[in-house]
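Visitor: Residue numbers (the UniProt record's numbering): 1 to 1260.
Since the hints were made in silico from the structure, they are not lab data.
Built from N, CA and C at the ideal position, the CB exists for glycine as well.
Among the clues, some could well be false.
[As the list claims (entries may be wrong)] Pair ranges (Cβ atoms, derived):
#1 519 with 1188: 23 to 33 Å
#2 1089 with 978: 32 to 42 Å
#3 148 with 205: 38 to 48 Å
#4 12 with 786: 20 to 30 Å
#5 900 with 1191: 38 to 48 Å
#6 838 with 483: 36 to 46 Å
#7 262 with 482: 41 to 51 Å
#8 283 with 504: 48 to 58 Å
#9 385 with 354: 33 to 43 Å
#10 666 with 942: 43 to 53 Å
#11 358 with 248: 17 to 27 Å
#12 443 with 652: 48 to 58 Å
#13 527 with 820: 45 to 55 Å
[As the list claims (entries may be wrong)] No farther apart than 20 Å at their CA atoms in a straight line, the calculated lysine to aspartate or glutamate pairs in the DMTMM-like style are these:
#14 354 with 382
#15 862 with 673
#16 411 with 442
#17 539 with 529
#18 525 with 118
#19 231 with 220
#20 451 with 422
#21 1079 with 978
#22 756 with 531
#23 1188 with 422
#24 354 with 422
#25 862 with 827
#26 370 with 351
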Amino acid sequence: MTLSTWIRQNAQLAGTKTMCCEGGCGSCVVAVRQTHPVTHQDVVYAANSCLVPVFGCHGWNITTVEGIGSQHEGYHPLQVLLASYNGSQCGYCSPGMVMNMYSLVENKAAGLTKQEIEQSFDGNICRCTGYRPILEAFKSIASDSGKKLKCQDIEDMLKDCLSDRNHIQKCDNSEKCKGCCLFKTRFTKSLQANNFSESILINSAVGKWYRATSKKDVFDILKTIGEETYKFVAGNTAQGVYKDEKLYQNFIDISCVPELKTFKISNEQLTLGLNLSLTELNLILQSCSSSPQFQYTAALADHISLIANLPVRNVATLAGNLCVKKLHPEFPSDLFVILETIGAQLLFELENEKVQSTSMVEFLSMDLSKVLLTHVILPPLDDTAYVVKTFKIMPRAKNAYAYVNAGFRFKVDKQTKYRVLEKPSIVFGGISSSFVHASETEKLIESLGSKGKGLLEEEVLKLALESLRNEIKPVPMPPAADPEYRAGLAVALFYKCMLGLSPQSVASQYRSGAISLSRPVSSSKRQYDTDKTVWPVNKPVTKVEAIYQCSGEAQYVDDMPELPGELHGALVLTSVAQGTITSIDPSQPLSMPGVVAFYTAKDIPGVNSFTSGFPDDEPVFCDGKVLYCGQPVGLVVAETQRLAERAATKVQIVYSDVTIPVLDMKQVIANSETARIVQQAEITSSSSSDAEEETVCVEGSVDLHGQYHLTMELQTCLCVPVEDGMDLYSSTQWMEHVHNAVSKVLAMPAHRINMKVRRLGGGYGAKLTRSTWVATQCAVAARLSNRPVRLVLNLQTNMEVMGKRYSCLTNYKADVNKSTGKIAHMEGNLYEDAGWSENDPVVEGTMTMLPSAYNASTWSVKGSIVKTDKASNTWCRSPGSAEAIGTIEVIMDNIACTIGLDPVQVRLANMVVSKSNPVPAMVEEWRKLTDYDSRLEEINKFNIENCWKQRGISLVPMTYKLFLASRYNAMVTIYAVDGTVAVSHGGVECGQGINTKVVQVCAYGLGIDMSLIQVKPTDILTSPNNEGTGGSVSSESVCYAVMECCKKLQARLEPIRKLLPADHSWQDLVQKAYSEQIKLNATYLFTLKDNVKDYDIFGVTVAEVEVDILTGQHQVTRVDILEDAGVSLSPEIDIGQVEGAFVMGLGYYTLENLEYSQQGALLTNRTWNYYPPGPLDIPIDFRIELRKNAPNPFGVLRSKATGEPPLCMSVAVPLAVCQALRLPASRTGADPYLKTFSTPLSPEKTFLACKNDISLYKYS
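Could you build the full structure based on these sequences and the hints that come with them?
Guide: See the structure below:
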């Protein structure tokens, strides 16, 4: 059992969340206080509780988010800070964020810098906020923040979070407080008085657990267990990388063996205990770098800071990391690479306690039976003679596997052009499972050195590069990067190392190649207007649930306490993509104690479809014909989640007629498979251009790949049989769809199904129709077993079962005016990959959005879906619109690139010219306010002067057509006893702030303070037949309904007001109305019959990037967004939506990649190979302004939606990268990337687009 499971199930502390269960997301972070076995001092650190075995926590003081603050005890300042900065949207990641920061503060209360804080959140994923407010909140307490927060400041912040200030942990003397007690620990009792040094033995159902406290203990235990199987346990983080399902008879915890956690430095060597955590190792290496013989350890420390993430590094050990490499040779271990580079030696002991040593390479083939790894020896490498450099190139800034990692060690004579004096060490990871040294190149360089040749000579560089190119032959290792990239990258890293030997000896235009991209502390700027005369509408306020989310008190479906007799479910999935199931054998799992049942399609009481009313019936469980790999076949239910998941893997399925699936829609299009291609929409040309205009033909393709939603809360449902039918709790955006489908699948009348939804931990479209699927599966099991059933799909199952964002391919050919870039005529075919069904359609929306701000009267474009043998794709944030606006903006840039015009000029030439289109004026305004032209001039100058670093800038406009949806309920109730107000509405709080806007509008409509209003969970009784929450329309629609309720109530109260004195209070009015028997409850249903209209949303974004041409990496240096929010209902909420949407789009365009095997299995199905943006991937300088003086005459209180449109403008980032690639591509004759644009524009694609050749790798 893991610590997170124990915390949630046994301790029933649901504030600690679980999502990835592999140490990759940070939602489960807790604070650990432990007595160090060597120093005997208390240490505090953040740990991923999902990886820590609960038996390994002996002697720990574990603090969860509930332990630092709550309504009852008072909130901790960190909880208040995060809430008040609106750093919590859906809130699912917030407890982990708080506890990560809490651990930092506890460990280093004084002197935390902004840089340290930012770098410490590399292991926390947030899909909602875009990270900016989270980082800003916590950086506000940094020693270099310039802010001097006092306890009084925190108390004042809480006013914006709660009406009751008693919920803050108050300072004893606020007047005299200088901030010294602001973050004083609540746990001052030292652990040193306790004796945690004793050995222990625990007999459990899964084996014996030993805790050793000395090397002697370890060998005594090994003797005791004899030939029984065993496993050493320390950090246990390897379990997050490779799931070890093997059953062991014994577990030996060696994490507190002091001999394995020591270090010693002398002139001859640096000895490090192999049970040091990577965080401890980092600090030791930094401290040792002050010694002349060990200055190189500073570079090693920098490299180690790139391994995994901080909570992992806090517990992961050297030995553990190296053993993962030994057991899984393909693992690109950074520790192995850097230790082998410097020639480190491993020490180990056998049962006879004899100390032996081995090289890193020899270690890989060692038999480790009854062997204890104890130390690693680092040699002295005097910096006057040795050069040591290491590199790690990965898909995002941190928390990712390396594409390629490398280490270089040279002993040189610096006076003779760095002539090599001994055999060098050139080590690469990520090439193949067996490749370690570039041996031939090492020999070559050694030979050249013996002949008096130095590394700084062009001849030596050329020969070494040619040797490396011939020697490095990466093998395919899906989902790892393409072998061509890994080969080219390895060679480029060698060149980068050479450039860094003596930069002053290198021509100025090449020097930038020696420097890796360096990220400074991020900054932000937010601007908007606010009109105090209409407050609380248009007032910048804190999200109403934020403090509950930051304290872990906010409840999600899986946080609901386990019920008596409750069962847990796990899906059984198909392992082929096309075929027929001939038999299913569940006998093995059903024989396991605790496994209760296995349900399949034949057990469903009603219809086997959760999509009635859609074009295709999607089966709840596969009915024999396999539609894609990962399709649910059935559901195992058992007494625990872990048991259900284990049992699900043991169901035996036999297939027949298995065929190779069609996974790539380009294959379908090329083969003209008309049965799979369905045209659904078309843009037809309505005018012709001037025939006398001289035109140029511009053609190309835009290939936008799919994207996984990555909601932090997984697909979840809890079904409880009750006297009147079933209580159903689903993490859904569309309650009506779930309700209807469950009714039909169970053949149960709808009025017997009770539903309630309080909040979701993120939605983004993933929980519109797909949540219905999970709900029907769960409901079938609950109905048939007549017991409560909880179904929480783990991350891998979520990713394999569920469809993603539609991928979109557009082939186009345009005749454009040679002098202006205006499109005279354009023909195109747009295709979107629907997966196996036509449900959740997007093509019509894509085609409607495609023109954006441009004149499409001369376009002829056909839009079609393409069916492939993958999961049915679904709506994802900005469905259709993101693909449409991304496509047309790439086309505009390709036109500009082809005919040599400025992209902004081409855009302006193609825009709709009318009084109703403000975009041209917005472009000119934003161009001026962001200094676009002067920055472009500086960028062009920089690019000419620097060969290996290039910068780019782009400007992207947007017209987003918002179409309203019908049927949104609201009910407003005033309680006579005290005048407080409860609101229930048909929208679902997914993190977008719908409840906050509802409270603001209700307070405005009734003329009362926001503190008197509370929003209740959405339920099927008060909001029946309600539309789903999506498309950015729900907040406004619900607010409209609430406003109408308030109008009804005000109309009823108006006659009562006339009976009261002029100075009457709200409570007086309510009491009088009550006594007069006035109905204090109102309902309203918003429909398209109301006084509303569809409207356009406008925006302009400028993005600037810097690209490392030798690696393909880039960083977003600055983004300026001008977003049209009308008169914002809640400016801070809307700013948060803009930031979050843009960063999600940044991931879509530059990071997130979906890879499939030839058999159709999703290979990128976890946090260690699917990479959304992290905190260090967002724009370094992030500036957002809500458009001023732009009221929306068609919106609720003149507002506009903000949840999805900003994502569409994130295409500005890859377009800026493309601009940065123009000069490098021109040097090699490569086609501009814009011509065959493809996402994600990752380092791999960026590097390959440049077609770097070693002939360009020079010193002068």
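Visitor: Taking 20 Å as the top limit, are the C-alpha atoms of residue 354 and residue 422 close enough?
Guide: violated, 32 Å
Visitor: Given the hint of 43 to 53 Å, is the C-beta distance from residue 666 to residue 942 inside that range or not?
Guide: With Cβ atoms ~37 Å apart, the hint is violated.
Visitor: Below or equal to 20 Å on CA atoms is what counts here, so check residue 411 against residue 442.
Guide: Holds. Residue 411 to residue 442 sits at ~12 Å (cutoff 20 Å).
Visitor: In this structure, is the beta-carbon distance linking residue 358 and residue 248 contained in 17 to 27 Å?
Guide: Between residue 358 and residue 248, where Cβ atoms are some 25 Å apart, the hint holds.
Visitor: Holds or violated: are the alpha carbons of residue 1188 and residue 422 at most 20 Å from each other?
Guide: Measuring from Cα to Cα gives roughly 67 Å; hence the hint is violated.
Visitor: Is the distance from the Cβ of residue 1089 to the Cβ of residue 978 consistent with 32 to 42 Å?
Guide: Since residue 1089 and residue 978 have Cβ atoms about 36 Å apart, the given range 32 to 42 Å holds.
Visitor: Does the Cβ pair residue 262, residue 482 satisfy 41 to 51 Å?
Guide: Given a distance of about 44 Å, which is inside 41 to 51 Å, the answer is holds.
Visitor: Cβ-Cβ distance between residue 148 and residue 205: within 38 to 48 Å?
Guide: Taking Cβ atoms as reference, residue 148 and residue 205 lie about 54 Å apart, which means the hint is violated.
Visitor: Measure nothing beyond the straight line between the CA atoms of residue 756 and residue 531; if it is 20 Å or shorter, mark the hint as holding.
Guide: Measuring from Cα to Cα gives roughly 36 Å; hence the hint is violated.
Visitor: Between the beta carbons of residue 283 and residue 504, is the distance compatible with 48 to 58 Å?
Guide: violated, 32 Å
Visitor: Do the alpha carbons of residue 862 and residue 673 lie within 20 Å of each other, as the hint requires?
Guide: Holds - the C-alpha atoms of residue 673 and residue 862 are around 16 Å apart, at most 20 Å.
Visitor: For residue 385 and residue 354, compare the CB-CB distance with the range 33 to 43 Å and indicate the outcome.
Guide: holds, 34 Å
Comparing the model with each numbered hint stated earlier shows that hints 3, 8, 10, 13, 14, 22, 23, 24 do not hold.
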